[in-house]
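Participant: Below, each chain spelled out in residue letters.
Protein chains: 2
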Amino acid sequence: MLIVLSGPSGVGKGTVRQAMLADDFRDFQYSVSMTTRKPRPGEQDGVDYYFRTKEQFEAEIAAGQMLEYAKYVDNYYGTPLKYVNKTLDSGRDVLLEIEVNGAMQVREKCPDGVFIFLTPPDLMELKHRLIGRGTDSEDVINKRVKQAAQEIKMMENYDYAVVNDEVPKACKRIERIIESEHLRVPRVIDKYRNMVN
Amino acid sequence: MLIVLSGPSGVGKGTVRQAMLADDFRDFQYSVSMTTRKPRPGEQDGVDYYFRTKEQFEAEIAAGQMLEYAKYVDNYYGTPLKYVNKTLDSGRDVLLEIEVNGAMQVREKCPDGVFIFLTPPDLMELKHRLIGRGTDSEDVINKRVKQAAQEIKMMENYDYAVVNDEVPKACKRIERIIESEHLRVPRVIDKYRNMVN
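Residue numbers (my numbering), protein chains in the order written: chain L, 135 to 331; chain U, 135 to 331.
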């Protein structure tokens, strides 16, 4: 099963994803993204990202090998199809943590994925978090909040909305969604059809 | 939210429903059925069933006041609409535990309900359970098993399939389904729309 975790900038997608992966009881594979940006100190190829040149990345796009991708500030970021398919074929769940535009690209290609939208408890808290980072100017913050309002409107394209009030709570909600989705009839009907034939 | 628990005869719907209601942490209202059969010793009107005469029951049907109903062995059984709507209006979840034919009637009237199909781990176990009751002849058992096979085919009309291998496990699965369904975007989108406006 493909699980897509997305949501507005600053909502804490990365933190929730890391917390979920830190728990050994959750059996799924995180899909490492591909990027053309330079590795930061300590970042490893194949662990934090697959680091590629612009030419290599564009070759992957041209070959239809990217499940989704986008360009931010002159760098490409995206999800290589190959690793996702390999994991799904092995019967394990795959977790993607991506931006909303990327999630919509995945939705088109994989409509039977589970699309989870991580939301701030309210817009004011999103504002506080961005200020808390201390790295952005007021203009940047206002722009991000406005953008978040637009992105929240995108929520209607998702299956679930999970509030990120506290990271462990958000993880628990996502865990339950995953467990419940595994019980959905379209995902299991064939197993049951075999039972009575 | 309307939760419909259904499944083949003998699968243990009643036991699972009772176990769920016995847990005080689960905040939902069980919808008491209406019937024309005579009360058994100890059964209370309004608790085990609403006991009504055939004429009273048929008047409810004629008035469109039954969410679903069926006739078994000359007696009517059904779900009165009034109590379900009253509970839903108060913001609480309603749990119905009904036969598969009744569930399909509810599906038509309440497509946004959550429809859960309780299944035996396999057909042989269903057979054992029926034999375990010790009240049915072999013919009756074979007929019921055949009927169950047909009913399992009805599973495709449900949202979720929950295996009743052990009652506490089945309850936990249903509990998670209920929690996850409360996070589904169509159920919460209005709350979020208000957040950004």
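These are computed hints drawn from the structure, not numbers from a lab. All values reported here derive from a predicted model rather than from experimental measurement. Every residue, glycine too, gets a C-beta built ideally from N, C-alpha and C. Just to be clear, a hint being listed does not mean it is correct.
As the list claims (entries may be wrong) - On the chain L side, residues computed to face chain U include the following (Cβ under 7 Å): (1) Met135; (2) Tyr292; (3) Arg310; (4) Ile323; (5) Tyr326.
Participant: Now tell me, hint by hint, if it's right for this structure.
Facilitator: Quick rundown of the hints versus the structure:
Evaluation of the L:Met135 hint against chain U yields a violated restraint, the C-beta minimum of about 14 Å exceeding 7 Å. Restraint check, L:Tyr292 versus chain U: the minimum CB separation of about 5 Å is within 7 Å; hint holds. Evaluation of the L:Arg310 hint against chain U yields a held restraint, the C-beta minimum of about 4 Å falling below 7 Å. Interface restraint check: L:Ile323 against chain U, minimum CB-CB distance 6 Å, threshold 7 Å, status holds.
Taken as an interface hint, L:Tyr326 checks out: its beta carbon lies about 6 Å from the nearest beta carbon of chain U, inside 7 Å.
Of the numbered hints listed earlier, the single one contradicted by the structure is hint 1.
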